[in-house]
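**Student:** Generate the whole structure from the sequences, applying the supplied hints.
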Amino acid sequence: MTASALLVGLIIVPLAGAVLTPVVGGRDGARACGWATLVMVVTSGIAAALVVHVAQVGPFSAYLGGWEPPYGIELRFDEFSASVAIICLLGLLAVVFSLRYAAHELPPVRIGTYYTLLLLNLTGMLGFVVTGDVFNLFVFMEILSLSGYALVAISGERTAEMAAFKYLVMGAVSSLLVLFAIGLLYALTGSLNMADISARLSGAAEAPAMLALALLTTGLMVKAALFPLHVWLPDAHAIAPSPVSALLSGLVVKTGLLGLIRVYQIYYGAKVLDLSALNTVLVWLGAISIVMGAFFAIFQEDIKMMLAYSTISNIGYIVMGLGLASQYGMIGATVHIFNHALIKATLFLGAGAIIYRTGYRNLTDLRGVGRSMPFTTAAISVGAISIVGMPPTAGFLCKWYIALGAVQAGHPVFGVALVFGALFIFVYYIRMVNSFYFQQPVHPEILEVKEAPLSMLVPILILAALCLVMGLLGRIPLSFIEPAVTRLLGTVGG
Amino acid sequence: MIAMLWQNIDYVGSVVLFCIGLYCVITKNNLIKKFIGLNIMETSVFAFIIALGVVDGGEAPIMGAGASAPFTNPIPQALILTGIVVAVSTTALALSLIIRIYEHCGTIEADELREME
Amino acid sequence: MKRALTIAMLVLLAMPLLYAMSQLPPHGSATSPAYTHISPRYLERGPEEAGAENVVTDVILNYRGFDTNGEVTVIFTSLAAVLAVLLAGRKGDERPVREPAAEPSPPSVVVRFVVRLLGPFVTMFAVYVIINGHVSPGGGFQGGTVFGALVILITVVLGRSVAEKLQPLGVRRILQAAAPLTFVAVGVLGLALFGDYLAFPRDEALAWVRTSWLMVIEIGIGVGGAAIISAIFWQMGGDR
Amino acid sequence: MSELFDLVLIALLIACALAVIRTKDLLGAAIIFSTYSLVLCLMWQHRGAPDVAMTEAAVGAGVTTVLFLVAIGRTVRREK
Numbered sequence: 001m002t003a004s005a006l007l008v009g010l011i012i013v014p015l016a017g018a019v020l021t022p023v024v025g026g027r028d029g030a031r032a033c034g035w036a037t038l039v040m041v042v043t044s045g046i047a048a049a050l051v052v053h054v055a056q057v058g059p060f061s062a063y064l065g066g067w068e069p070p071y072g073i074e075l076r077f078d079e080f081s082a083s084v085a086i087i088c089l090l091g092l093l094a095v096v097f098s099l100r101y102a103a104h105e106l107p108p109v110r111i112g113t114y115y116t117l118l119l120l121n122l123t124g125m126l127g128f129v130v131t132g133d134v135f136n137l138f139v140f141m142e143i144l145s146l147s148g149y150a151l152v153a154i155s156g157e158r159t160a161e162m163a164a165f166k167y168l169v170m171g172a173v174s175s176l177l178v179l180f181a182i183g184l185l186y187a188l189t190g191s192l193n194m195a196d197i198s199a200r201l202s203g204a205a206e207a208p209a210m211l212a213l214a215l216l217t218t219g220l221m222v223k224a225a226l227f228p229l230h231v232w233l234p235d236a237h238a239i240a241p242s243p244v245s246a247l248l249s250g251l252v253v254k255t256g257l258l259g260l261i262r263v264y265q266i267y268y269g270a271k272v273l274d275l276s277a278l279n280t281v282l283v284w285l286g287a288i289s290i291v292m293g294a295f296f297a298i299f300q301e302d303i304k305m306m307l308a309y310s311t312i313s314n315i316g317y318i319v320m321g322l323g324l325a326s327q328y329g330m331i332g333a334t335v336h337i338f339n340h341a342l343i344k345a346t347l348f349l350g351a352g353a354i355i356y357r358t359g360y361r362n363l364t365d366l367r368g369v370g371r372s373m374p375f376t377t378a379a380i381s382v383g384a385i386s387i388v389g390m391p392p393t394a395g396f397l398c399k400w401y402i403a404l405g406a407v408q409a410g411h412p413v414f415g416v417a418l419v420f421g422a423l424f425i426f427v428y429y430i431r432m433v434n435s436f437y438f439q440q441p442v443h444p445e446i447l448e449v450k451e452a453p454l455s456m457l458v459p460i461l462i463l464a465a466l467c468l469v470m471g472l473l474g475r476i477p478l479s480f481i482e483p484a485v486t487r488l489l490g491t492v493g494g
Numbered sequence: 001m002i003a004m005l006w007q008n009i010d011y012v013g014s015v016v017l018f019c020i021g022l023y024c025v026i027t028k029n030n031l032i033k034k035f036i037g038l039n040i041m042e043t044s045v046f047a048f049i050i051a052l053g054v055v056d057g058g059e060a061p062i063m064g065a066g067a068s069a070p071f072t073n074p075i076p077q078a079l080i081l082t083g084i085v086v087a088v089s090t091t092a093l094a095l096s097l098i099i100r101i102y103e104h105c106g107t108i109e110a111d112e113l114r115e116m117e
Numbered sequence: 001m002k003r004a005l006t007i008a009m010l011v012l013l014a015m016p017l018l019y020a021m022s023q024l025p026p027h028g029s030a031t032s033p034a035y036t037h038i039s040p041r042y043l044e045r046g047p048e049e050a051g052a053e054n055v056v057t058d059v060i061l062n063y064r065g066f067d068t069n070g071e072v073t074v075i076f077t078s079l080a081a082v083l084a085v086l087l088a089g090r091k092g093d094e095r096p097v098r099e100p101a102a103e104p105s106p107p108s109v110v111v112r113f114v115v116r117l118l119g120p121f122v123t124m125f126a127v128y129v130i131i132n133g134h135v136s137p138g139g140g141f142q143g144g145t146v147f148g149a150l151v152i153l154i155t156v157v158l159g160r161s162v163a164e165k166l167q168p169l170g171v172r173r174i175l176q177a178a179a180p181l182t183f184v185a186v187g188v189l190g191l192a193l194f195g196d197y198l199a200f201p202r203d204e205a206l207a208w209v210r211t212s213w214l215m216v217i218e219i220g221i222g223v224g225g226a227a228i229i230s231a232i233f234w235q236m237g238g239d240r
Numbered sequence: 001m002s003e004l005f006d007l008v009l010i011a012l013l014i015a016c017a018l019a020v021i022r023t024k025d026l027l028g029a030a031i032i033f034s035t036y037s038l039v040l041c042l043m044w045q046h047r048g049a050p051d052v053a054m055t056e057a058a059v060g061a062g063v064t065t066v067l068f069l070v071a072i073g074r075t076v077r078r079e080k
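From first to last, the protein sequence lines stand for chains A, B, C and D. Per our numbering, the first sequence starts with residue 1, numbered consecutively. Per our numbering, the second sequence starts with residue 1, numbered consecutively. Per our numbering, the third sequence starts with residue 1, numbered consecutively. Per our numbering, the fourth sequence starts with residue 1, numbered consecutively.
The set of hints was computed from the structure by calculation and includes no laboratory data. It cannot be assumed that every hint is accurate.
Listed below are the simulated BS3-like cross-link pairs for lysine-lysine, each with C-alpha atoms no more than 30 Å apart in a straight line [stated by the list, open to error]: (1) D/K80 with B/K28; (2) D/K24 with B/K28; (3) A/K166 with C/K2; (4) C/K2 with D/K24; (5) B/K28 with C/K2.
**Tutor:** Right, dumping it as structure tokens:
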């Protein structure tokens, strides 16, 4: 098995698995879940092999159809693409978690379709992350978005459908902006391959190149829900089924950011424009996102709504780190993409398990649940500590790196914004943990509920354990990503 | 600049259509109307990309007896074939959602729906 | 007021767009990067190295076949998404029973006759468009859409039960997945034989294999496209 | 002559788009949109892109319009 065949398999296995799910699963939800689990186990194996390979030999490519780029489509696997590992891991855990959850929460006839869409969503993400061709990127983005809209609406509740529609309109407009930008880049360079575009863009007219950059950034930031383009996110993420929320919040919004990294790779390499204006805008918007997201989260009663707003503020951290364009900031931001995915998935799956057992989702109603569901709430608490960024958990190192990045870039004031945001986040997670453990229950029967079933508890505990492990071994991903960041920033010449 | 715009009249037409579509998406209250607006935006982008591939006096890029150069650029055409399919997929999903929203709420006017929330 | 603001905003938006457009390489120029960089190779060598006289078919099925692989996955996703949204939900959640005020009068005998008469010809046209996709305009998806339109027409005029006979229930799920599955099958075959996913035989002696693979993919896309379009139409309740 | 034809087509497109916005009757708007797609199809045929023109005629003017009609049939006919 060569590396390039494995790289193709990473996309083809879940794709074929997804289109075969209705054939294999039929109307039997458990069988569809078993099939999806099998598919994700195989895909995760492939992803693990690829990450090991990239760590050993550095970036590599697969040429589809045997056409060398720029004539054919190239799949490119570099250190940033290592996020496929987290995509596969979360995908696998979300599928397992869904076994009991979907049977309980979704209309029975839709369960088979649910797994199909889940696999398609993961396929879209994997393709988006590894492709080296801008139009192929658009195609995978559409697979990812379409399945995402449907997954938000799948519960069939009125609010879910309205949230999905809002998400769809914003998402479709942003996809169009990206397509427009692809057209402009094609007009300027005559190429669709990212590396080739980057090489050929240098002599191009400045105004269209700048317009393409603006359109790409705007489109991708809608997907990433950066303030002020975040309006679709809270409803969609809070109302979707919990495993879907975990995927949307943990991964799907991140694809916008990974796309932004690809855009940086194109434009930093081309040296056609000075990106410092864009970076300044991104840093400011990131800072505003941190504070706004945290501020709104404080006033939420609904536990999943709170988590959704917290995603907005964490996206702010990452965008700020990327915008700082300093070594530390970028490394911290990239690693935070991984870590936040772990943490947010822990929190959303934990919240899902609690809602599954108790039927309540407001913090007031959930008072005292810590006594009846000790393992789940313990996992949520670990997630909460991580997201605030206390050592020795996963959230600490990357936020510390982003703060260092702010100092390194000569803007210590943003480091202050970061700490300020962390304080807000601390307040609302303390509020959550407090109501779980220390307040008198409003509903006495909440003390009687059972701990979550194993198919839910095991994924949650694995994720919580990883939050701690990543905190202790935090240096490994940081040093893993360092060469890629150095390469990216090295091309800036400063 | 005006002379260049005159030469690039196809691109200008696309920009105008894009703005008309965006206007429809932003100001129209009816969800179906919003979506027709989005379709106009989509086709405007398609028209822009197809226009990139046009060559003066170019013929369809189909080789064979009787075909003579110059041929139009096939790449934008291939891209837009995919784009059209993506557009119809999005439309199908959006209209399904609209049908469901109407069944639940009895209206598809955005402001009335907002009041219901 | 809102309208005036929106218009003002859009005019502001249009200015930079128009300025950028004026800086693009001139429309129709044969010296623009788009026309001189990659496309010359496709136009010059496409027919012999990729297998179809229609260069657009070469690009979508061979040079950039993976895009089309993604495209058919997008439309499969759309079917799954429509099903996810519209399949009847919980009890009491089903659509309110709205008895039609009066049984709609069935279409006249003339209409039914014309549809029955047209059916075979439209089918023939669809098949022609699909299998001639590599030498003339058209191809799998266009032909599939034409056939899907015929199914829609039959549904409306002759009733859904007649139309469903064209897609037996037992194989319908396979038919709907036909396009992505064909791509995966041909792609993996290429991977096994020639070392790259979606690789077609390059050898001159194997030109007929190349053309027949292209045709297999076209047929797969056509079948899958028609099945999906009619399924979406039925699920959205077009026969009501 | 050819340039004039192009200009007329672009003007027609813009007119159709404006008419879609002005029409309060959704059914009418959907039909005008289908005309819009057909004009676009004509333009692409004229520009040497017959494959895309064919797809636009089948998908844009055909399937999309049918889906709009179905949706209008199951919801409301008029915009408020």
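**Student:** Indicate, hint by hint, whether the structure satisfies it.
**Tutor:** Verification of the supplied hints:
1. Between D/K80 and B/K28 the alpha-carbon distance is near 10 Å, which keeps this suggested pair within the 30 Å criterion.
2. For the hint pairing D/K24 with B/K28, the CA-to-CA distance comes to about 11 Å; that is within 30 Å, so the pair holds.
3. Distance restraint check for A/K166 and C/K2: the Cα-Cα separation of roughly 20 Å lies within the 30 Å cut-off, and the hinted pair is therefore satisfied.
4. For the suggested pair C/K2 and D/K24, the alpha carbons sit about 19 Å apart, so the restraint of at most 30 Å is met.
5. Distance hint between B/K28 and C/K2 is fulfilled; the C-alpha atoms sit about 11 Å from each other, no more than 30 Å.
In terms of the numbered hints stated before, the structure departs from none.
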